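Just so you know, the protein sequences line up as chains L and X, in that order.
Just remember that this note's numbering sits 1299 ahead of the position in the first sequence, which is counted from 1.
Just remember that this note's numbering sits 399 ahead of the position in the second sequence, which is counted from 1.
A few of these clues could be false.
Claimed, not checked - If the Cβ cut is set under 8 Å, some of the chain X residues that face chain L in the computed set are:
hint : residue
1    : L421
2    : N426
3    : Q453
4    : V456
5    : S457
6    : D556
7    : S560
To be clear, the hints were calculated from the coordinates, so they are not data collected in a lab.
The structure displayed is predicted, hence computed values, not measured ones.
For glycine and all other residues, C-beta sits at the position ideal for the given N, C-alpha and C.
Listed below are the residues making up each chain.
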Amino acid sequence: MLKVVLGTIGIFLVVFLEHFFLGISAFSIFLLLSVITWNRVSVPLFAYFGILTSLALDVTLHQPLGFHFLILGTVLLLLSFVGMFTHLEGRASRYAALLVVFLISYFVNIVSISLFEDGIFPIFNTSILLGIFFNSVVSVIVCFVSDILFSSLREEKGYEKIRLK
Amino acid sequence: MLKKVLKTKIVQPFLFLLLGFLFVVLNNVGIFNGLRSGISYIFEPFSSTAMQWQKSVSSWASLLFDASSYIEENRNLKKEILEMKANESKIVDLEEYEALKKHESVLWDSGEYVLAKVLGNSLKGDIYLNVGIEDGVKEGDIVSLGKVFLGVVSTVDRGGSTVRLPTNRESSFEVAILSSTVEEETLLDGYIKASGVISGDLDGINIENIGINSEVADGDIVVLRDERIGEILVVGRVVGLSQNPAATSKSGFVSPIFDYTNLISVFVKIN
């Protein structure tokens, strides 16, 4: 019950932050959180969070319902595919793989928006490409920080379990 | 068994993709209008507030980083407003202006307008407004500011909408080009120098198909004359006209009256 409540609050927070950061630098909190939380939270909670957030973002960004499902599915598929070739739990290889995933995800996001709304392939100029690269690097840095936080939390719990009497 | 399958890593992305395709197809049929309305009612206030905060933060950040250009921009804006008012009066005061219109309608039509706040811009040439279905806005409504054309509503939800600007690559309109010194003309047909077509591009608005023998010059006024819009509205001024004598038509760019990234409030014509 607590997880559901926290998840619901999280959905509102993500919608707020997504609009805030999208306007400032086209940075997607939704993409970032999807990557961070996948396989870290339970499947029902991830599905609850993913589905409701996707629907909310589709409506508030005036995109067709189902658009963010496609983006989410693409990102997770990319992660799974990259995971087949690189060890996602190792340090350097994980972040290199995440950088590639984020770069492709932002690219797919921009192309999909243009194709769905206007039916044309977008033009990528230097500022858009630099923006994609900058956003991907920032996302990887946030993933790095979150990994450190998660591992420090795990260590604390582990300490309690393995303490000898 | 089902739980085990769902927990398998590779299945989850495909489930989301399948759900996505299903929702997109059903959305196009129109089944989800009620659901969209409900979600919009709950989440639009959050998204509008976020966009307004983002605008404040962005403008403060740019002010801090580039104070001197802000002063210069303010000066140029004042000049543009004065110029725009002067140009509007040139077009409005002349009886002959009605010759440009295809229909016998009043110059100042009494259409119903809704005042909308601009929440933000997209990378591909759209602006987001804080008015939607509940305010009477629908797809295809014209957005303007005074007699200046800004765009057409492309998507609309309960409490918000998206407007496609002339800089969007999907935008394409028929236009007429007027002399920049239109009040000096005395002949009816003399006001229209040429007609053309404008289309959006990432870097601005292109204008093409201008007659090669026309006397169009930089600074001439571009007005919309498209039956899909149905009224005469100013788009901007011709700049960067091509000088290639071998070409079969002239082309150039249109400098909009307003900088679309600086819009604060606009009017949406709902009737």
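Each hint tested on the structure:
1. This hint holds: X/L421 has a C-beta 7 Å from the nearest C-beta of chain L, less than the 8 Å allowed.
2. A least Cβ separation of about 4 Å between X/N426 and chain L falls short of the 8 Å threshold, and the interface hint therefore holds.
3. With its C-beta approaching chain L no nearer than about 4 Å, X/Q453 sits inside the 8 Å limit, and its interface hint holds.
4. Nearest Cβ of chain L to the Cβ of X/V456: about 7 Å, under the 8 Å cut. The hint holds.
5. A hinted interface residue such as X/S457 counts as satisfied when its beta carbon comes closer than 8 Å to some beta carbon of chain L; here the least separation is about 6 Å, so the hint holds.
6. For X/D556, the shortest C-beta to C-beta distance to chain L is roughly 6 Å, which falls under 8 Å, so the interface hint holds.
7. For the restraint placing X/S560 at the interface with chain L, the shortest Cβ-Cβ distance is roughly 7 Å, inside the 8 Å limit, so the hint holds.
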